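Chemist: Now for the letters of each chain:
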Amino acid sequence: AQSVSQHNHHVILSEAASLELGCNYSYGGTVNLFWYVQYPGQHLQLLLKYFSGDPLVKGIKGFEAEFIKSKFSFNLRKPSVQWSDTAEYFCAVNAGGTSYGKLTFGQGTILTVHP
Amino acid sequence: AAGVIQSPRHLIKEKRETATLKCYPIPRHDTVYWYQQGPGQDPQFLISFYEKMQSDKGSIPDRFSAQQFSDYHSELNMSSLELGDSALYFCASSETGGTSYEQYFGPGTRLTVT
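These protein sequence lines are chains D and B, in that order.
With the first sequence counted from 1, adding 8 to any position gets you our numbering.
Take the second sequence: its letter number 42 is residue 36 in our numbering, and every next letter is one higher.
No lab work stands behind these hints, which were simulated from the structure alone.
Misleading hints may appear alongside valid ones.
Now the stretches of chain B that chain D is said to cover, found in silico as 3 or more residues with beta-carbon under 8 Å [claimed, not checked]: (1) 10 to 22; (2) 63 to 73.
In silico DSS-like links for lysine-lysine, alpha-carbon gap of 30 Å or less [as the list claims (entries may be wrong)]: (3) Lys16/B with Lys51/B; (4) Lys77/D with Lys66/D; (5) Lys57/D with Lys77/D; (6) Lys79/D with Lys7/B; (7) Lys51/B with Lys9/B; (8) Lys57/D with Lys7/B; (9) Lys79/D with Lys57/D; (10) Lys51/B with Lys7/B; (11) Lys69/D with Lys57/D; (12) Lys46/B with Lys16/B; (13) Lys69/D with Lys79/D; (14) Lys51/B with Lys77/D; (15) Lys57/D with Lys46/B; (16) Lys46/B with Lys7/B; (17) Lys57/D with Lys51/B.
Note that this is a predicted model, so its numbers are computed, not measured.
For each residue, glycine too, the CB sits at the ideal point set by N, CA and C.
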């Protein structure tokens, strides 16, 4: 069964700092990879996704992620964070390359950005 | 754009009671997923349906059942509720065969069992 591991439970940054959140997954086959954001009291929103092609994917709000197959990693990055980025971030995997498969989520990383 | 609709948004039940959560997927989406997110936890997959048939099953207790109807909406039925069932229940939908491989999440139903 697939599993997802996020390296940091809580990250605290000041505005304009750069962000990198680690995500590793364990699954030997084809995967689709996602990063979701959950603002306080809100539902999960998709930041970006990878399913094939260019391993560097760009998402909304200036976020990007790089899929490194050899490292089973899909790290999320943002060059300069804003206070409004304060939220919880989840990495997720849909194994098997199917469009109807379940998502397995990582434990989540809480990002707090101080103004 | 239309989004996934869940009702009710909040639900308070007592132990041993039953609860029914509803999910209305985005139009033309034929697959529905249910996830449970406990306090401070990551979402855990419960069950999914494709074209009204169960397509996958996760860590769903035997006390829970679900189905998808002809209009593609889905209901999660929970019986003999326990305190540990208190959680946020998300529904997501997707269009099988689509190119985005993306599940769209609803706002969730917050269930509190007292």
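Chemist: Tell me, in ascending order, the numbers of any earlier hints that this structure violates.
Modeler: 1, 2, 6 and 8
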